[in-house]
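Residue numbers (my numbering), protein chains in the order written: chain A, 1 to 360; chain B, 1 to 471.
Calculated from the structure, these hints are not laboratory results.
Wrong hints could be hidden among the right ones.
Straight-line alpha carbon distances no greater than 25 Å define the calculated DSS-like cross-link-like pairs of lysine-lysine that follow [unchecked claim]:
| id | chain 1 | residue 1 | chain 2 | residue 2 |
| --- | --- | --- | --- | --- |
| 1 | A | Lys-158 | A | Lys-204 |
| 2 | A | Lys-8 | B | Lys-363 |
| 3 | B | Lys-335 | A | Lys-7 |
| 4 | A | Lys-49 | B | Lys-96 |
| 5 | B | Lys-280 | B | Lys-363 |
| 6 | B | Lys-335 | B | Lys-280 |
| 7 | B | Lys-335 | A | Lys-293 |
| 8 | A | Lys-313 | B | Lys-108 |
| 9 | A | Lys-158 | A | Lys-246 |
| 10 | A | Lys-293 | B | Lys-322 |
So the derived list for chain A, only partly shown, Cβ under 7 Å to chain B, looks like this [what the hints assert, rightly or not]:
| id | residue |
| --- | --- |
| 11 | Ala-12 |
| 12 | Phe-15 |
| 13 | Glu-32 |
| 14 | Asn-33 |
| 15 | Asp-59 |
| 16 | Glu-74 |
| 17 | Thr-75 |
| 18 | Leu-289 |
Just so it is clear, CB atoms sit at the ideal spot from N, CA and C, and this is done for glycine as well.
Below, each chain spelled out in residue letters.
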Amino acid sequence: MLTYEAKKTINACRFCWMCRHVCPVGVATGKENNGPRAKAMFLYLNEKKGNLEGEIAQDLYECALCNACAANCETGYEPAIYIREARANLAAGGLVPEKVERVIDALERTGNVYGANIDMQAWEKECKKDCGVLVYAGAAALIKTPENVRAFLSLLNKAGLNASLANANCSSVAAEYDLLGDVAEVREKATKCASELSSHGAEKLIVLDPSDAVMFKQKYPAWGIRVDMEVVTATSFVAGLIDAGKLNIRRQSGHVTYHDPCRLARDLDETEAARHIIAAMGYELSEMLESRKLTRCCGGQVLAAHAPEIVEKMAASRAEEAARTGAEILVTACPGCFANLDGGEYIEVADIFSLLDRCT
Amino acid sequence: MNDFLLNTVYFELGDAVGRENVSIRTADKLSHSMDYFWLPRMYVDRGEFPPEADFVVYPGSAQEVSKVLVIANYYKIPVYTWGGGSGSQGGALPVKGGIILDTKRMNKVLDFDERSMTVTVEAGMIFGRLEWYANERGYSLMHYPSSINCGTVGGFLAHNGIGVLSTKYGKIDDQCLSLEVVVPNGQILQTSPVPKHSSGPSLLGVFIGSEGTFGVITKATFKLFKMPEVRKFRAFLFKSVTDGINAGRDLVHRVKPSIIRLYDEAETVSLIRKVIGFAKPGAFMNVAIEGDADNVELDEKHMLEIVGKYGAEDLGADYGEKWWESRLTFFYPDKCLDFPDMYGTIDTVSTYSNIEKIYDAMKAAVESFEGVRFIAHFSHWYEWGCMMYDRFIMDNPPEDPDEAFRLHNEIWNAGVRAALENGGVINDHHGVGIKLGRLMKEQYGPSMEVFEGIKEKLDPNGIMNPYKMGV
Ligand SMILES: Cc1cc2nc3c(=O)[nH]c(=O)nc-3n(C[C@H](O)[C@H](O)[C@H](O)COP(=O)(O)OP(=O)(O)OC[C@H]3O[C@@H](n4cnc5c(N)ncnc54)[C@H](O)[C@@H]3O)c2cc1C
Ligand code: SF4
Ligand code: SF4
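Can you build the whole structure from these sequences, using the hints too?
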């Protein structure tokens, strides 16, 4: 079953090729199915004729839900609507492809797509009580790039803030929402997470991963779930610290480019805070053509968990674009992006907070 | 194809391009069964499945394309080269089963030569992304079709496509300098390194516009242009299409605008209300001139002299500037022609002496079908003639797919024959495909032998894109 909204969007996309050039999956793989047109055509025929779901399941998961298509769409359609709904239907019908099913199992077991138990003991010193500021680093940051989390906390410390790290085993449900759609089980988990975070009694929740920030700032309120704190993205919070003169920055020389995280730029409409931080460090910034709201997704962590071969291509293609600017360093502002982009052959990658921590 | 043979070929194709780049999955076959042609879309709209291929192959290089063609040639299996699938003539449809050869994995820029102002690119790159690549360096290919983001380099070459700036910068065959093409026996051919020479006839001309019926284009070199210092728009209202056409001809000869778009009375009625706020009869024209500021100033003076001579009313720059900004908007859903309508673009090109005759004849032919209306504008102007971009539209076509199919083809036959009888051609820039293949002999008569001879020599087993382009 698809909603009216999903069917209307499918009707538009099924015969439309106009946004295919911005689909980061299609651009990287060259596959005709990686983009909205093919998915909409499949779902349309499935509605009309039925019995196609098992055949098209894999294709419905080969999407990073990055909304580049929606941002390009001059009519304002949003393919993510039908893609999420179709995924919910696949899950309900037991038709999820095996490699995706493994990730969903991991998520259900551990609260993260890696299936890893995050050892919060290792962060014991950072998990404090009665702090005004709570930092939600998210599973990707704690598992994939812990050094960047430490750098971020060190920055807060240098700014004289008493901040605590939140328990990352409490999932924001960003990954669950992407893989399972808007279903009761996902909302229940979100409610649990919101109440656990609220129980800290902090005033501010700083969110490192834009995927989590989208949940707390947009999806939870839409679902009527309250987090009793002001939710702020890490980039805008740190830009604010700089404006308030809380950080003593030694200006650097060097030439960088910046990869806008898709959910930060497009869903949260935040593109300038990170640029402000980069300017404050003194770096020369060269922009990629696909920047700000036009940014090209590097794949994200959910897709990387079940289709690493695709994300490898997406990240390499994005890093190559970054290198074309002539910059020496590609700056990222999202733990998932850093994990995907770091270590490639084209350009050195640095996390924005680690860079800043080094020069404060 | 029986399962045994299917498995045999599947295995060999996997060997040639890597197992992950060959598919026999339903989803891959389905997505390659419908292009922008109205008929397969009508099938899907009605819940029917258009014909599917047996295999979908994504080669990564000319060498891999060569291996695929050798296999196909041995087993005598049809090969349909598929770029973006945005073609409107059913050119890439796998109507006879066989192999879809999707080129989009071949998507790299290979050389960017600023000294010669050329760029060499693999044929599967989406054209809009190539344009972005050039823009990063301050250049442009000046090929701006409305489907720039839908189609591939190879697809535009295969249909000899055209963009909105063509009056100044040419059609894609004016912009392409050389090609690499793989032919069915597996040979990788190169055209001459540069297009202007006296070293035999142009090989480029053999392959540009050949719609995947002779071979697979794998690489192309194009001209680069510097971005113009200024691009200025101006709109005019002529009393008649005849005045507009004569003015357009004079503009090409004296000013060389990048854009001239002249609308017939029917299209003018709806456009002009938007421009001046009320209806006024006539023929609306939008012109762009571009280049260095001082040259453009002089061009503007000459342009005003010319349109003044034909009694045009000057409507200023606003319309053109807004049109340029939103030129792709009209191709997005809810803003473009779409189902349930039946429609088609019967674009053709002819001399200034013939183009109005064609307009009259085609309008009469197409509107003789009950419930069908006809609109047209003239864009892409040459020293000798211009292109007519016309459309037929039917609001309530038959629901039954077979009935709709027949009526659709009847209207096309009538429209294209009206062009052919009055000095026009089957098509200007969308190509022939399976949609118009049957009419090729009517245009070319015995000259078809030239194409048939080339086909016979390069593709003796007839594996390349069967039933397309009339060969
Ligand atoms: C919204 C919209 C607007 C359009 N506007 C324009 C316009 O302004 N100007 C214009 O010219 N066209 C326009 N078109 C038509 C279409 O985009 C062009 O015909 C384009 O050339 C098709 O390219 P493609 O890569 O999608 O080719 P496909 O549809 O995949 O294939 C088209 C034909 O080319 C052959 N082919 C593809 N690649 C190769 C190759 N590498 N080697 C050999 N043969 C190959 C195929 O076999 C087939 O016969 C428009 C289409 C749409 C959907
Ligand atoms: S999102 Fe818009 S541009 Fe993209 S396929 Fe759908 S309708 Fe077309
Ligand atoms: S959401 Fe992103 S990955 Fe998914 S179809 Fe749209 S552009 Fe492609």
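Comparing the hints with the structure gives:
{"no.": "1", "hint": "A/Lys-158 <-> A/Lys-204", "result": "18 Å, holds"}
{"no.": "2", "hint": "A/Lys-8 <-> B/Lys-363", "result": "34 Å, violated"}
{"no.": "3", "hint": "B/Lys-335 <-> A/Lys-7", "result": "18 Å, holds"}
{"no.": "4", "hint": "A/Lys-49 <-> B/Lys-96", "result": "23 Å, holds"}
{"no.": "5", "hint": "B/Lys-280 <-> B/Lys-363", "result": "22 Å, holds"}
{"no.": "6", "hint": "B/Lys-335 <-> B/Lys-280", "result": "24 Å, holds"}
{"no.": "7", "hint": "B/Lys-335 <-> A/Lys-293", "result": "23 Å, holds"}
{"no.": "8", "hint": "A/Lys-313 <-> B/Lys-108", "result": "13 Å, holds"}
{"no.": "9", "hint": "A/Lys-158 <-> A/Lys-246", "result": "8 Å, holds"}
{"no.": "10", "hint": "A/Lys-293 <-> B/Lys-322", "result": "22 Å, holds"}
{"no.": "11", "hint": "Ala-12", "result": "4 Å, holds"}
{"no.": "12", "hint": "Phe-15", "result": "5 Å, holds"}
{"no.": "13", "hint": "Glu-32", "result": "5 Å, holds"}
{"no.": "14", "hint": "Asn-33", "result": "5 Å, holds"}
{"no.": "15", "hint": "Asp-59", "result": "5 Å, holds"}
{"no.": "16", "hint": "Glu-74", "result": "4 Å, holds"}
{"no.": "17", "hint": "Thr-75", "result": "5 Å, holds"}
{"no.": "18", "hint": "Leu-289", "result": "5 Å, holds"}
Violated hints amount to a single one, hint 2; each of the other numbered hints is respected by the structure.
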